[in-house]
Amino acid sequence: MHLYLAGNNRLLTETRIGDDDCLVLYKTLSNNLFVTSVDLRYNQITDEGAVHIGKLIEESCTIRDINLMFNDIGAVGAEHIAKGLLSNETLQALRMTGNKIGNKGGMAFAQALQVNGTLEALDLGDTDLTIECIIALCTILYQNTSITSLNINRPILFTHQEETTVHFSKLLKVNITLKELHLRKYDMRDFGMTRLSECLMNNLTLTHLDISSNRITRDGAKELAKVLKNNTGLQHLDLGYNRLEDDGAMHIAEALGTYNTNLQCLVLNNNNIKGKGLCAIADSIKQNMRLSNIYIWGNVLEESACNAFANLLEHGRIHQRDTDVKPYVVDGVTYLCEVDRRPRRHYYWAPSYGDDVPSWQIKMVDEEKHASCLDPRFIDAY
Numbered sequence: 001m002h003l004y005l006a007g008n009n010r011l012l013t014e015t016r017i018g019d020d021d022c023l024v025l026y027k028t029l030s031n032n033l034f035v036t037s038v039d040l041r042y043n044q045i046t047d048e049g050a051v052h053i054g055k056l057i058e059e060s061c062t063i064r065d066i067n068l069m070f071n072d073i074g075a076v077g078a079e080h081i082a083k084g085l086l087s088n089e090t091l092q093a094l095r096m097t098g099n100k101i102g103n104k105g106g107m108a109f110a111q112a113l114q115v116n117g118t119l120e121a122l123d124l125g126d127t128d129l130t131i132e133c134i135i136a137l138c139t140i141l142y143q144n145t146s147i148t149s150l151n152i153n154r155p156i157l158f159t160h161q162e163e164t165t166v167h168f169s170k171l172l173k174v175n176i177t178l179k180e181l182h183l184r185k186y187d188m189r190d191f192g193m194t195r196l197s198e199c200l201m202n203n204l205t206l207t208h209l210d211i212s213s214n215r216i217t218r219d220g221a222k223e224l225a226k227v228l229k230n231n232t233g234l235q236h237l238d239l240g241y242n243r244l245e246d247d248g249a250m251h252i253a254e255a256l257g258t259y260n261t262n263l264q265c266l267v268l269n270n271n272n273i274k275g276k277g278l279c280a281i282a283d284s285i286k287q288n289m290r291l292s293n294i295y296i297w298g299n300v301l302e303e304s305a306c307n308a309f310a311n312l313l314e315h316g317r318i319h320q321r322d323t324d325v326k327p328y329v330v331d332g333v334t335y336l337c338e339v340d341r342r343p344r345r346h347y348y349w350a351p352s353y354g355d356d357v358p359s360w361q362i363k364m365v366d367e368e369k370h371a372s373c374l375d376p377r378f379i380d381a382y
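Every letter in the sequence shown is one number past the one before it in this note's numbering, and letter 5, counting from 1, is 5.
These aren't lab readings, by the way, just hints derived from the structure by calculation. These numbers were taken from a predicted model, which means no experiment stands behind them. Ideal placement from N, C-alpha and C gives every residue a C-beta, glycine not left out.
What follows is a set of in silico ranges between Cβ atoms, one per label pair, in the way DEER data are often shown: (1) D283 <-> G18: 49 to 57 Å; (2) P351 <-> E314: 25 to 33 Å; (3) G298 <-> Q320: 12 to 20 Å; (4) F158 <-> D331: 50 to 58 Å.
Modelling step: build the complete structure from the supplied sequences, incorporating the hints.
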């Protein structure tokens, strides 16, 4: 059973959970045997409430997924949650995004991962982690064999020497369990991209790499293209909000059109790519029959690029649900408009009704797919 108590869904409630409510949750769920997932995002839980959450993690034997993103948990609360992980043997996913746990909290989670052998997905994005705890987490993952997904976006860095990127590069060279890695807003430049690419050459297990919102240019894209040519295990590559431009896009297109047969999703939003580069990407998609999802909105959509992608959509090579642009014609000229189909569009918030409701928002209660109580049809409009 999924217990959905998110504080940002006004269709369900206008009340946000506080620390006293966490005590009630702890007493209710500690001996509960059918609740396996708890969503507490966007509430008002502080360090005091995190103490009860930590006890719940420590004592519960059924909960597999806890979402605490964007509460008010600090370093002290993070220590209590990490302490609960030391003895927990069932929790598989923990999301702490947006809680300012800082270096002290990050170090607590690093210590917990030395002991915990069941946690598979850990999200510490936007938590003000520093270089010290990031390197500690990276070092622990040399020995930890359970973590398959790690998100540590937007750390607080005080140098431009890319030490954290180099450490993760060395980790990826030897790690055989990590499948998903998010390094968004790392101030990564071409030097870091080169080090990362060198170590990714022989990594066959990483399938999802998010390096968006960095400072990667055409030189970094050239090194990354070598990884794609080597046909590694990468299936999802997010390069959005960098500075690849036409030259970088052409390096990526060359790899996709000739050697790569594994990549399925490519995100190139906001890279200042013009018609030449986008046309090269479109041509490579015609040759690469494996790539199914492509996202290009935010680039310079010249008429040649609009025609190229309109052609892909018209002939069914790319489906409308798998891209973020849609063609339309005005006075005989083809343009592209934006369609919100980004891969991570439901990361922070998701609708409760309409055609774009994710599976986790509405849970099915049996094999006959009867709608649960979260279905908008069962919510009193008054």
